Amino acid sequence: MASSSMSSHGSDSWTAKQNKAFERALAVFDKDTPDRWHNVAKCVPGKNAEEVERHYELLMQDLSSIESGRVPFPNYRATRGGA
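Per our numbering, numbering of the sequence shown is gapless, rising by one per residue and ending at 179.
Hints listed in this document are in silico derivations from the structure and should not be mistaken for laboratory results. Among these hints, one or two may not hold up.
Claimed, not checked - Under the rule of at most 16 Å between Cα atoms (straight-line distance), these lysine to aspartate or glutamate pairs were calculated in the EDC-like manner: (1) K138 - D126; (2) K127 - E149; (3) K116 - E163; (4) K138 - E149; (5) K127 - E153; (6) K138 - E119.
Since we're looking at a predicted model, the values are computed, not measured.
Taking the hints into account, I'd like the entire structure generated from these sequences.
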């Protein structure tokens, strides 16, 4: 899930394990959850509420860019064996 905009923030880097914990926490704590970012941060090792909220904002910016067509789809090649 790490995008170029997320990975360009240096000390704000996220591991695959942190990203997976973040994704799972977002599935549990929706936008109507009181203290959402504090709850999400409790589920993501090494991150605080401000960091998880910023990570979410960057994710939403990336999603908006993709949906608006500003980010081209990758040209995947078909693989043998139907994978």
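Hints and how they fare:
no., hint, in the structure
1, K138 - D126, "holds, 15 Å"
2, K127 - E149, "holds, 11 Å"
3, K116 - E163, "violated, 22 Å"
4, K138 - E149, "holds, 12 Å"
5, K127 - E153, "holds, 13 Å"
6, K138 - E119, "holds, 13 Å"
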